[in-house]
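Starting from the given sequences, assemble the full structure and let the hints guide the process.
Protein chains in written order, with the working numbering: chain A, 1332 to 1792; chain B, 1332 to 1792.
One or more hints might be untrue.
Computed from the model, here is a short list of chain B residues facing chain A with C-beta under 7 Å [what the hints assert, rightly or not]: (1) 1443; (2) 1535; (3) 1549; (4) 1555; (5) 1620; (6) 1624; (7) 1636; (8) 1638; (9) 1640; (10) 1648; (11) 1732.
If you are wondering where the hints come from, they were derived from the structure by calculation, not from laboratory data.
Since we're looking at a predicted model, the values are computed, not measured.
Built from N, CA and C at the ideal position, the CB exists for glycine as well.
Number of protein chains: 2
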Amino acid sequence: MSELNALDQYLQQSQPNHLELLKRLLRIPSVSADPAYKDGVRQAAIAVLDTLATAGLETELIETDGPPLVFAQSPPVPGKPVALVYGHYDVQPPDPLGLWKTPPFEPSERNGNLYARGATDDKGQMLTHVLSAAAWKAVEQQLPMQVKFLIEGEEEVGSEQFEAFLARPEAAEKLACDVVVISDSGQYAPGQPAITYGLRGIAYFELHFSGPKQDLHSGSFGGAVNNPAIALSKFLASILDEDGRIQLPGFYDSVKPLEQSERTLWNELRFDDEQFAQQLGVSALLGEKGYSTLERRWARPTFDIHGLWSGYQGEGGKTIIPAKASAKISFRLVPDQSPQEVALQLQQFVDSHTPAGVRVEVIDLHGGPGVVVDPHSPFIAAAQSSIQTAFGTAPVLIREGGSIPIVAAMKDKLEADVLLLGWGLDDDGAHSPNEKFKIADFYRGIRASTHLWHHLAEVAG
Amino acid sequence: MSELNALDQYLQQSQPNHLELLKRLLRIPSVSADPAYKDGVRQAAIAVLDTLATAGLETELIETDGPPLVFAQSPPVPGKPVALVYGHYDVQPPDPLGLWKTPPFEPSERNGNLYARGATDDKGQMLTHVLSAAAWKAVEQQLPMQVKFLIEGEEEVGSEQFEAFLARPEAAEKLACDVVVISDSGQYAPGQPAITYGLRGIAYFELHFSGPKQDLHSGSFGGAVNNPAIALSKFLASILDEDGRIQLPGFYDSVKPLEQSERTLWNELRFDDEQFAQQLGVSALLGEKGYSTLERRWARPTFDIHGLWSGYQGEGGKTIIPAKASAKISFRLVPDQSPQEVALQLQQFVDSHTPAGVRVEVIDLHGGPGVVVDPHSPFIAAAQSSIQTAFGTAPVLIREGGSIPIVAAMKDKLEADVLLLGWGLDDDGAHSPNEKFKIADFYRGIRASTHLWHHLAEVAG
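In structure tokens form, the structure reads like this:
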């Protein structure tokens, strides 16, 4: 373990320099959603490329129809596995600007945190892996295994260019790896690091219920026609039964029951329902009967309405039967459920539930399957050791309710395992004003990553 | 009947002059909803006052905190009943201006119609009664009974000032009458005049369902909390049962069953469901089980949603659990139902149907009771004769699904009967671009009104 000792010592000495490198990256306003920041987005790509080159990696800027992809790799190490670090250099818009205590693109240290847009999502977390590679190069002259980097610039707006690149024939070879490493999520709780081994999928739709060809006076016509807003309400109400179970035909056919070992593990996390409800400002939690809150959030499919609109939304009372009523809805999926199947099930449900006098249009907006990896894999074991050393606590194994479609795409295309190692905290404000990253967690992340290459290299390639 | 013959002859000769008077009034842009038209509103009041004074009536401009009320009266005729004509000189906004074929305040004759904002609603219809009084004065020197006029300037925005005036102690005496005459509605069909003897009431509410204190990420939180948009949908869906019956507790307690004579009468109108559905652009009509379309529209209470809003309504898919979901809803009421009682019933229903984890706020926006008058009254008989002569067809007795709260207020305050005599047509576009009034119907209305004073005078006062 002497090489790890030397590396740890190097990391300790390099902390001021690492923080400076992060600040430099955070000063670049790389907002991918807003064309006004186009220069900043490119500048951030170049900065990441430079840092990777300085770390001694072979680098390449892959041009696309959007922001470039930053690719880098260390030399192959025969007999050792190959890792691919995925991350992104673009950030969320900083709005609403008025709510920031210090400017979003002027990194500011307060109470052990570094405040700036992108601090945790994902510049800070992504940089931990870049700097760990730099540490190996500085101390040991080379990494103990081949590590590749693919850092994109459109994650916050849908990863369109990276997805297109993934579909290209050369992508499979260039990105070939045994495990994809991603740090773009969070710890389970402050001081309790986690490894996320599952993500939910999603199937997202827009519904349009149409009735009369124009709005009608509800006095003269009320009682004559089916009101599309009533028809929509009745339809949406019929999707969930009294127990919170989704009523689409065949919806649960491919849903595997939870493993008892997972339930036991999560039960040991002693999730506090009452505190959670208080945090969210609700008097009670609610969801599918028979499952704990964590089970419902992480590993059970759910239905949600994201938007509703119909008729008159202004001041006072307008007396119309609206011609149209619409909703945005989605189903979160668990692994083995396919968004395409759910789309068919929804259409079937619509067909059998469309009442007299309305027409229903279903628009399939987007979807992606869920991901789950084997929590008993040697990669997970390697990550556990690294994190335990760096954070002083064994990480818990959790799943996440959210969906990262690109993760499923990479897993499928590259036939690789996935390690989701989140260094962030729930209150980091990833998409909110005053985004932050705990500076100690930044250093711990670099150390965990540095140790990770050592432990992964011990796994048979 | 020689006096009616002389009057008819006078009316015949006066047609060009009457049309000119209407055009003059229509040129005044008296839009009550828009402060920019304040001068026009006052100018219209003065023009109506002038026309009434020219007709030889005693006139008075009653100032209010808004547009003035125009009051006029002919001398009392002992032993004869007293009528009060109610109408309004204000008009709807002309928007959208681009859809008018000729400017809204430049009356234009085409195909036997006069096009202008206010042509039918209500300048044209109201003027028929003013001009009938003028005819009596010109031909017979005096009206055969006392006729009063109360023409207001805020009908299109809620009649606030007139309602306030009605509540004043002197109003009962000033407006004292046996029957209120209103022409602000329509014929049953082209060539089929109607007397409306019933209007529905209304109870209008806004509902706000609140869940978490802010929008939540539906990936991380989906399955944990009650989604307010789902809770709202389920609540709205529960208001109507499968037969279209309203489920508020006690809602039907004060609803009288329809009289067999009414059902027979309306059945004889041979309302064409299929043609109606086609007109509205729906594949089928729908409403409370066991009632015909006319019965449902005119004489049964109904529930409608007028507006829905929650969460994200923009392009694409945003994955949130919205913090709030809202709706505008109303119940149309039949006579004997009170809006206040319905408000209590709704609150009760909310209290017993609020699910876990959401808060519900009910805002009572406005309400007014329905009105129904005895279709066998001598006033109705007098109107029937007059209309039969003027239109060449016996009027049908109908009810209207809409609500005119001020009518119920006058009926209650003045303890008078009400005659709703509509000269308009369904396609007059009362609140739409290219509003029109059929010129022949304008003349027929004046003649019917002229005869009405004769026949009403024969009813014991």
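Results of checking the hints against the structure:
Contact between residue 1443 (chain B) and chain A, as hinted, is not supported at the beta carbon level, the nearest pair being about 25 Å apart and thus beyond 7 Å. Interface restraint check for residue 1535 (chain B): the shortest CB-CB distance to chain A comes to about 4 Å, inside 7 Å, so the restraint holds. Nearest Cβ of chain A to the Cβ of residue 1549 (chain B): about 5 Å, under the 7 Å cut. The hint holds. Restraint check, residue 1555 (chain B) versus chain A: the minimum CB separation of about 5 Å is within 7 Å; hint holds.
With its C-beta approaching chain A no nearer than about 12 Å, residue 1620 (chain B) sits outside the 7 Å limit, and its interface hint is violated. With its C-beta approaching chain A no nearer than about 5 Å, residue 1624 (chain B) sits inside the 7 Å limit, and its interface hint holds. Among the interface hints, the one on residue 1636 (chain B) holds; its C-beta lies about 4 Å from the nearest C-beta in chain A, closer than the 7 Å criterion. A cut of 7 Å between beta carbons decides the hint on residue 1638 (chain B): the least distance to chain A is about 4 Å, and the hint holds.
A least Cβ separation of about 4 Å between residue 1640 (chain B) and chain A falls short of the 7 Å threshold, and the interface hint therefore holds. A least Cβ separation of about 4 Å between residue 1648 (chain B) and chain A falls short of the 7 Å threshold, and the interface hint therefore holds. With 7 Å as the threshold, the beta carbon of residue 1732 (chain B) comes within range of chain A, its nearest partner Cβ sitting at about 5 Å, so the hint holds.
Of the numbered hints listed earlier, those contradicted by the structure are 1 and 5.
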